[in-house]
Every structure is written in C-alpha cells, then in structure tokens.
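Undergrad: Read off the chains here:
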Amino acid sequence: MNIAVCVKQIPDPAEPGTLNPDNTLKREGKLILDESDSYGVEMALQLVDKAGGGEVTLVSMAPNGVRDGLRTALAMGAAKAVLVSDDALKGAGALDTAKVLAAAIKRNEFDLVIAATESSDGYTGTVPEQIAELLDLPSVTFAKHIEVDGSTVKIQRQTESGYDEVSSPLPAVVSVTAGVVEPRYPSFKGIMAAKSKPVDEVSVADLGIDSAIVGWAGAGQEIIAVDQAEERQAGEIVEDDGEGYAKIVAFLENLKVI
Amino acid sequence: MAISNVWVFAEAVDGKVKTITLELLAKARTLGGEVTAVFGGDGATVAEELGAHGATKVFATGDLGDKMPGVAIASAVAGAGQSPDLFLLGTTYEGRDVAARLSVKLDRPVLTNNSEVDVDGDTVIATTQIFGGSQLVRTKFTGPGPHLVLVRPKSFAAEPSGGGAAAVEELAVPDLGPTGGATILDRHVEEATGPKLDEAAIVVSGGRGLGEAAKYEMVEQLAKLLKGAPGASRAIVDAGWVPYAYQVGQTGKVVKPNVYIAVGISGATQHMVGMKGSKHIIAVNKDQEAPIFGIADLGIVGDVHKVLPKLIEALQARG
Chain A
115 MNIAVCVKQI PDPAEPGTLN PDNTLKREGK LILDESDSYG VEMALQLVDK AGGGEVTLVS
175 MAPNGVRDGL RTALAMGAAK AVLVSDDALK GAGALDTAKV LAAAIKRNEF DLVIAATESS
235 DGYTGTVPEQ IAELLDLPSV TFAKHIEVDG STVKIQRQTE SGYDEVSSPL PAVVSVTAGV
295 VEPRYPSFKG IMAAKSKPVD EVSVADLGID SAIVGWAGAG QEIIAVDQAE ERQAGEIVED
355 DGEGYAKIVA FLENLKVI
Chain B
58 MAISNVWVFA EAVDGKVKTI TLELLAKART LGGEVTAVFG GDGATVAEEL GAHGATKVFA
118 TGDLGDKMPG VAIASAVAGA GQSPDLFLLG TTYEGRDVAA RLSVKLDRPV LTNNSEVDVD
178 GDTVIATTQI FGGSQLVRTK FTGPGPHLVL VRPKSFAAEP SGGGAAAVEE LAVPDLGPTG
238 GATILDRHVE EATGPKLDEA AIVVSGGRGL GEAAKYEMVE QLAKLLKGAP GASRAIVDAG
298 WVPYAYQVGQ TGKVVKPNVY IAVGISGATQ HMVGMKGSKH IIAVNKDQEA PIFGIADLGI
358 VGDVHKVLPK LIEALQARG
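Chains A and B are the protein sequences, given in the same order. 115 is the number of the first residue of the first sequence in the numbering used here; add one for each residue after it. 58 is the number of the first residue of the second sequence in the numbering used here; add one for each residue after it.
Keep in mind that a hint or two might mislead.
[Claimed, not checked] Some chain A residues close to chain B (C-beta under 7 Å, calculated; not the full set): (1) D278; (2) P312; (3) D314; (4) A339.
Read the hints as simulated data drawn from the structure, not as lab findings. C-beta: ideal position from N, C-alpha, C; glycine also.
Okay, chain B solo, but in the shape it has when bound (with noise of 0.2 Å):
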C-alpha cells in the first residue's frame, strides 16, 4: 500500500502563492498520490499557479473576511467530508496555527519543524534536526492518518510541474462557535527596504557582540552596500536592539543565501540552525572559542569595532 492523496496548505500574499507553498508542492508531488491545495481565500485568484506547480484540486474557503484564518481553516478542514493520507504545512504563522487546531479537532498528532517527508510503504517518516542541526531525529506516525507534518521553510526546492490550473472546490467554514470570537480590525504592514531578509543573495546579520544597539548600524551599513539584508541574532532581538522581523534562527527566519556574515554571534544553536544551510559563512567574533567559528568558512577572530569600520570604509572604496 502506499499513500493515495496528500493535501498541502497553500498560503499567498496578494495573490502571489508563498514560496513555501510551492516547496511543499514539489515534495508532495514526489511522496505519490493527488495533490490537492488547501486555501483560505479565493481560490481562482491561486489556481494557476498552484496547478503549474502540482496541485490537481485546491479546496478553497473564500474570503475569510476579518476571521483569524488559522481556526477557520482548520474547522474548514475537519468538517470537509474527507481527508487526506498527510496534511504538509509550512511552519509559518498560519501552518502552525491550523495544525495546531486540527491537531485537536480530529485527535491526531502533528510533527512539527521537519526538514524532510518520507513515505515508506503506507508509513510517514517526518525528520527534524535538533541540538543546532547537529542531529537528525526520524519520527513514524504509528496511528491512523490523517497525519499532519509542519515542515520548516527551504527545507525543498520550488519547482514547476507544468501542470495546468487546479480546479477549484468550495471548502465551507461552518459556524467557529465561541472558537471564532478573535477578529482582525485592521492589517498593518511595515514597508521594507532593500531585499527580503529570506530571499537576499547575502545576508549580514549581528549579535550581542557589537555591545550596544547603536552598533547595529553598522550591520545596516554593510548589508546596504553588499545589497543584502540585515538580520539578527535572538539575543538582540530580544533585547529590543531590532524587530522582531529581523531575527534569523529556530524562532525566526531560515535564511540560505549565498554569503551569510555573522558579527558578534557567538552561534548558540537557536541561532544555528537557521543559517548553517547558507552556502559560504563569514564569521567575526572576539571569542576563538564561539560555536560559529565550527561551521564558518573563513572566521576572523577579531574586536568587531575594528574590523567593521575597515571593511565598511574598504568596500565604499570601490564604490
């Protein structure tokens, strides 16, 4: 026996399909079975591109209106009549929110954090790195399906199956009940500069090493002039230094560009395990010791007041 049909949570942003979406997609495509989206919102706005990238059905719920999506998804999905083998969704702030409620509604476990999906026979392997990414933990479902495995973004590469438009099904969201009481009144969103901090090809990201807040700047200075995007450690993060938007790690963004700049991170594996998959690694710290300097291809074990200014005034040379 092997699986027949796997269902994915597809998720967009004005109209644009997320790349995890499309991630999950390829992966579904190759696990066996129909591909089916699930979507809250319209479907037609998503079908295209959905179907060019695998999905034969989307289940759509319609405009969710001011409703918080993941409850009205996830009730959407328990009262859908039928269910698939396994439900993939992104850990992102949605896909975990309707796993989470699904989870309950239909009293079945769900792994989360996995950078991979297997299906052995009619068995789902989920694996996830843990301790930093040091160690890879592979975890059966050993109960009845549906099974709901949340898979950490970059952890498969987007590719188009050239497949024609998904049709669209209507996925009705019953009454939420006393479920339903939290509403949306209003969506703000904070313009961004310059690449997205998970899409930049570089990426310079600081840590409690640069001492005080004012230091971030120059992490700034040199992401602007490399056109990368600044990111951050927890710690600062935490510390208020930055938004939370910049963070890079477990908790936080999984960024794989092809240079990543740590200053002033020591590499807790919070931190780690949310660049280790970048392709080159630069390092600066005082501490000859820090972690980072364990995964770094090329590590200046320096004050980081003194390198940065010298790298910053070096590369504005060029012009």
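In isolation and in its complexed conformation, chain A is listed as follows (with noise of 0.2 Å):
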C-alpha cells in the first residue's frame, strides 16, 4: 500500500509571526514540520507496515527548497519526498496549493492521501478536500481512526455530536485529527538514514501547472489592509500568597454569577 502524505514546513508557532512587507507570512530562518502533520506520517507508516508493503510519500510545497521540516518525517520513516519550491508560488491561496499538491501527489503511485485537517500557521482547513477533488476522488475530512480492510478504509469522523463511521473505497483522501494516533520520535538511525532519502524537488512548470494562473497571479484576492486589533487591557495580576482564590470569589460574586 502506498501512501501520499501531504505535509507543511512552518515557521516556529512558537515564535511571534511577523509579516513580509507584502503582508505574506515570514518564512524565513529555520521551518520545522508542522506538528499537526506528524500525526498524518505517523498513521500513515502504521498503515503501511500493517499491510505489509508499499511506501509513504511525502508531499509538500516549500519556498527555497527548504527540507528542515521534511527531513524529521523522513527521518520517522517516509521512504521519499516530492518539494514543490517555485517563487511563482509566493502569495498561493489555498486553492493553488491544492492544485499544486494535487499535481505533486500523482508523481507517485498511491492509494491513500493522508493529510492534517488544518496547518498551524495558514488555518484553512480546506486544502485536503480541494486535492480530493482535484483528483476527483472521495474524501473524509476529520478522521480520528482510520483502517484499511482491503481497498476499503473505515473512518472514524469526528462530528459536532460525536462521531460518525464513514467508509469509502481507496483511493480516498483523509484528512486527520491529532488524537488519531501517537507520532514517534525520530530515531538516531532515521536521522541518519534521512539524510540520504530522495528529495524530488520540481517547480510549477515540472508539474505541468501555468506559473501565470498560481500564486499573486492567480490567487483571485488581494489583502487590502492589515490593522491592529484593537487589543484588550490587562487587569489586576496578582501574585498567589495564599489567597489568590479569594480574589477570584469576590471577581466572581462582583459579576452575580455566585
């Protein structure tokens, strides 16, 4: 079985954002892969060795050809990547980055799409279902099981009220919730072995995509403004001698909810 996996390199969450002059985000410096990805690679290697062959593949769309963040899953246990690294893709919208990872993924065999339901930088939480019908395929979004029986996968989708099992025939893109399974640390020995797994890095072009209908060109929408929210005052911040909880009853009877 053969697993496309679409995965993002993002700039620290961790760090304040900043925005470029064009009001893009700032990627540069280190990116690392994005957390809510390696649930994705990890199911997906699981789902591989459970069937006892094939690979899992890695997808991702980068500036500069940066690897910092594809080469951690490499080093979990992807077999390969396909970097997608094109300035003509500076300012994508979700709907290029679809069409662009769509494109990537069918330069490999595969039956299965796994991606995050969302990226921790970008939020859209639209891409996965886009590639789905790039690729005119099924698609269940919000998985937080997953099996494959055969060419059925069975999908736990989480719901507003609970959850609904989904089945469907592969292949299908999934996109995954954290939860759906515990990723592993890299190893020493993935460390060292991702260091010689192969990276097919392609532009726009390579992929058969007119550079002229991707990124500022054929994003369809200009930011118009960036503002300062307006912001909310601190209040009174106390240090705990004690009694810190009485403040927090007398806060609370203050506002007659107690």
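Please dock the two separately framed chains into a single complex, following the hints provided.
TA: Below, the structure written as structure tokens:
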C-alpha cells in the first residue's frame, strides 16, 4: 500500500509571527514540520506496516527548497518526498496550494492521501478536500480513527455531537485530527537514514501547471489592509499568597455569577 | 453596482437550525440583495426558521441518506444553474467541506476563518484575525464571483427578521461519480451533561499547567460548581487527556462566555483566538510572563494545584 502524506514546513509557532511588506507570512529562517502533520505521517507509516508493503511519500510545497521539516518526517520513516519549490508560488492561496499538491501527488502511485485537517500557520482547513476534488476522489475529513481493510478504508469521522463511521473505497483522501495516533520520535538511525532519502524537487512548470495561474497572479484575492485589532487591556495581576482564590471568589461575586 | 444575491449555507441538528446559520443570515441581510439559504436535507423542516431570520428562499437537496454532505451539497450547488454573488458558510465540519469542494468545481478562491464581511459597491471584503487575533487582515476578491467566504462562529449576532417561511425549492444532487464513494455507515452521539461548551455562560478551561491528566478533574469540578462547561487547550487534547470536543481555540470551539477561567494555560495564539472575545477573563498560571495575563481581567500568578482546591472548597462552602 502506497500513501502520500501532505506535509507543511512552517515557522516555529512558539515564535511570534511577522509579516513581510507584501503581507505574506515571513518564512525566513528555520522552518519546522507542522506538528499537525506528524499525526498523518505516523498514521501512514502504521498503515503501510500493517499492509505488509509499500511506502510513504511526503508531498510538500515550500519556498527556497527548504527541507528541514521534511527531514523530520523522513527520519520518522517516510521513504521519499516530492518538494515543490517555486518563486511563482509566493502569495498562493488554498486553491493554488491544492492544485500544486494534487499534481505533485500524481507523480507517484498512491492508494491513499493523508493530510492534517489544517495547518498551524494558515488554518484554512480546505486544502485536503480541494485536493480530493482535483483528483476526483472521495474524501473524509476530521478522521480520528483509520483502518484499512483490503481496498476499503474505514474511518471514524469527528462530528459536532460525536462521530460518524464512514467507509470509502480506495483511493481516497483523508484528513486526520491530532489524536488519531501518537507520533513517534525519530530515532538516531532514522535521522541518519533521512539524509540519503530522495527528495524530488520540482518547479510549477515541472508539474505542468501554468505559473501565471498560481501565486499572486492566480489568487483572485488581494490583501488591502492589515490593522491592529483593538487590544484587550490586562486587568489586575496578583501573586498568589495563599489567598489568591479569594480574589477569584470576590470577582465572581461582583459579577453576580455566584 | 451592488451585489444582488447572497446565499447562506444552512445547517441544522434534529430540525433545529444551528446558531451559526442564524448568525450568517443576520449578516447576509445587511449586505443587500436577496438572501437564499442552501440546505442539505428536507427543506420543509427548516423553512419557517430560516424565513424568520431573513431567507426568502431555501434550496434544499432533500434527505442526503448515507452520502457525505460536503461533496453532495457542493455538487448540487455547482449544478444549480444559477449562482450567487456571495456564498457565506460557517467554519464548521460541513461548511469547510462544502466550500472546499465548491471552490474547485467553480475554480474560485475561498477566504477562510473570517470574522467580518463587508460589501463596498460590488467588491466583497472579508476580514480574518491573525497572530492570535492581534491583527486584522482585510482581503478583497479580485476575480469574478461567486465569492466563497467561510465565517467563524460567533462573529455576528443572530437576530430574527420577522419574515415568513422561506419558499422551498429543490436542489438536485447530481451523480457524484467516484467522489461519492465514501458513505456514512453509522452515527454515534456522545451524550454530554451540563451546558454546551460554545453556549455556556461560564467556561473553565485547563491546560498543560495542570501537570497530568488526572488533575483535569479539578477543572470539571470547578465548571460544575459554576454551572459552566469544561474546556481545554490544544496541548492537552493532543496529549489525549480530554476529547477533541473540549478544545477551545483556532482549531476547536470559539467561545464567548460571560466568564472564562483559564487554568494552567499559557495562552498560545492558537488558544487566545478562540476565547479572547469572552466578556471577563480570569487566569491562573505559575508563569507571570504567560501571554494569557496580557488579556486577563484578573490574573493569579500561582500554582494551580494550590489555588484550585481552595477555590473549589470555597465555592462548595457557599452551597
């Protein structure tokens, strides 16, 4: 069984984010594997293991051929990666991203495509379903449990009030929530092996996509302003001297909620 | 020129229209033009409520059976033979699927996670919050419509318009081909007690600062005493301490309670964007540099394991 896993390399979410003058997110410096993607990578590795053969291929889009985050996922056990890196993609929206990733996925045989439900920097949450439509495939978003049985994938899909049991023929596109599986830490052996794993770096043209329809040129949207939100003022901050709880009680009393 | 028709993706649970839909209808009415709802189900069950909130018409697919709603509804809309200038959808499980499928079918961008929508002449502008809500990004559509906009719950106030029942029109779901391969076999409803997280007047959320999963019990106990709902940061949901349904934040529920109590939560931007609209915020955290204190009305710098038991005891003593 061959699985394509969409992964994103993002600026460390622990650092404060900043914008470029053109209002795109600053992606200079080290990029890391989006933690949300580590669940999909792990899930794919386990499914391939269980199937008794096949491999996990990473599919990613990043500026400047950045590979730091890909290496993390390769060290976890993915076999190889397709990396789309092209200046034409600057300013790409979710739809462009999906078009690029869908084309990149098609460079290899696959039975299943796995992605996170959303990235931790852009949060659009639409890319997996857009990829499915572009590939003319069924899709199941928000999977919290996945099992493959022959040519069928069975999924527990998170819903507002619980979960649905969903069945789909393969190939299919599935987006996974955190908690679908516990991601492994790369072993030393894995980290060493990752250095020699193939990364197929391609441009937009290599994918047969016209660079005039992606990035700023094809986004169909334009940022017109970035404003400071009204700031919430900090109130009273006190050190707990053993009576801190009483402050809370008084605060709640004052609001008449107790 | 102005826009002349706005469609709203309508969602309902057991025949009751969801609040996010009513919020979108309230907004749609202010943008000018005719307001039409799009519903994946039996239109007759929701026509009255949708009409009372401003929809003059509801396009309904009829019962979707075991089909995945996202692809079915998007295909029906794409094949409707008419299209709106603007289509508003909630940032919900189904709303995102519908918008995503539709954006490919129509080859139109979709603007996501918005908290405001404006129309200036025939230009549609959507506003999204970034960096934990500290900055607002306004983006306009530059291409032709229909413009697809996903809106976060609780961005607008729901308000009835006093309109009569919406006229129901059928919206046929075409043959989905391979995209219709996934089917729903069974639905599980997890019973929750107490008020719902996104509707509760008081929310008590716990984070990594609790130290271990077992300590989350204190959060539940405190929430119960205050007749509120327990919530959680993404960190402890990812760690498996509590189910995903408890998560407050960008990925998770948006809450705007009267009182939000954050316990052992440092205040990652991920979390803040889901709760900073709360009326009053109380935070307990041992790190006085924690960002959560920057937005708290009352902050207690201290050990949650000392503060919480005393607080619980004091509330219990009040009966």
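Undergrad: Decide, hint by hint, whether the structure agrees.
TA: Now for the hints, and whether the structure bears them out:
no.: 1; hint: D278; result: holds (5 Å)
no.: 2; hint: P312; result: violated (30 Å)
no.: 3; hint: D314; result: violated (25 Å)
no.: 4; hint: A339; result: holds (4 Å)
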